[in-house]
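**Q** Sequence:
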Amino acid sequence: MEGDSDTMKYRETFVKTARSFGEFIPLLIGVLLLVSLLISAMRMKLFELNIFTGNVFIDSFIGAVFGSFATGNPITSYIIGGEFLRNGIPLVVVTSFLVAWVTVGMVQLPAESIMLGRRFAITRNLVSFLLSIAVAVAVVLTLGLV
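This note's numbering applies: residue 854 is where the sequence shown begins, and numbers increase by one.
Be careful, since some hints might not be right.
[Stated by the list, open to error] Just the calculated beta-carbon pair ranges, DEER-fashion:
no.	residue 1	residue 2	range
1	Leu890	Lys862	37 to 45 Å
2	Ile911	Tyr863	53 to 61 Å
3	Gly970	Ala871	18 to 26 Å
4	Asp859	Leu938	50 to 58 Å
5	Leu998	Ser873	43 to 51 Å
6	Leu969	Gly941	22 to 30 Å
[Stated by the list, open to error] In the SDA-like style, the derived pairs of lysine to any residue whose C-alpha atoms are separated by at most 20 Å in a straight line are:
no.	residue 1	residue 2
7	Lys869	Leu881
8	Lys862	Ser873
9	Lys862	Arg872
10	Lys869	Asp857
11	Lys869	Leu969
If you're looking for bench data, these hints aren't it; they were derived computationally from the structure. As the structure is a prediction and not an experimental result, all values here were calculated from the model. Backbone N, C-alpha and C fix where the C-beta goes; we use that ideal spot for every residue, glycine too.
Let the sequences and hints guide you as you build the complete structure.
**A** Pasting the structure below:
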């Protein structure tokens, strides 16, 4: 008798989970399409822009802003970082861009807000943004490139 009620609870839970996942799929597909579009546009634009000042803090902020809107995964970051460095983009910019690119997700913010709560999503993204700048400055200072 007790086994039947447990089975019913599991079945109910599974149905609720599947339903909420089904409702989330269109939003997820939209986010993935927007991310793909932004990544391809941002890569080329970052190469073409000559907006870097030579100031470690301002340049890391610029890199973090670009990285926040272009989102990607850590595996491809090595290739992108190498291309950025090869094209003369400063290390502080590349570092802040890549850290923000992997940890901050402005494009995914609506989906993250729905799934985890708006306050948590905004706080997590803000902290990740600030830490991407701090990590970039720390890397450049540690390597003595300032």
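**Q** Indicate, hint by hint, whether the structure satisfies it.
**A** Do the hints match the structure? See the list:
1. Leu890 - Lys862: 37 to 45 Å: Given a distance of about 42 Å, which is inside 37 to 45 Å, the answer is holds.
2. Ile911 - Tyr863: 53 to 61 Å: Given range 53 to 61 Å: holds, Cβ gap about 55 Å.
3. Gly970 - Ala871: 18 to 26 Å: holds (22 Å)
4. Asp859 - Leu938: 50 to 58 Å: Roughly 57 Å apart at Cβ, these two residues keep to the hinted range, so it holds.
5. Leu998 - Ser873: 43 to 51 Å: holds (48 Å)
6. Leu969 - Gly941: 22 to 30 Å: violated (38 Å)
7. Lys869 - Leu881: Given pair Lys869, Leu881 holds - Cα atoms ~18 Å apart, limit 20 Å.
8. Lys862 - Ser873: Holds: Lys862 and Ser873 sit about 17 Å apart, inside 20 Å.
9. Lys862 - Arg872: Roughly 15 Å separates the two Cα atoms, so the pair holds.
10. Lys869 - Asp857: At roughly 18 Å apart (the allowed maximum being 20 Å), Asp857 and Lys869 satisfy the hint.
11. Lys869 - Leu969: holds (17 Å)
Checked against the numbered hints given earlier, the structure breaks only hint 6 and satisfies all the rest.
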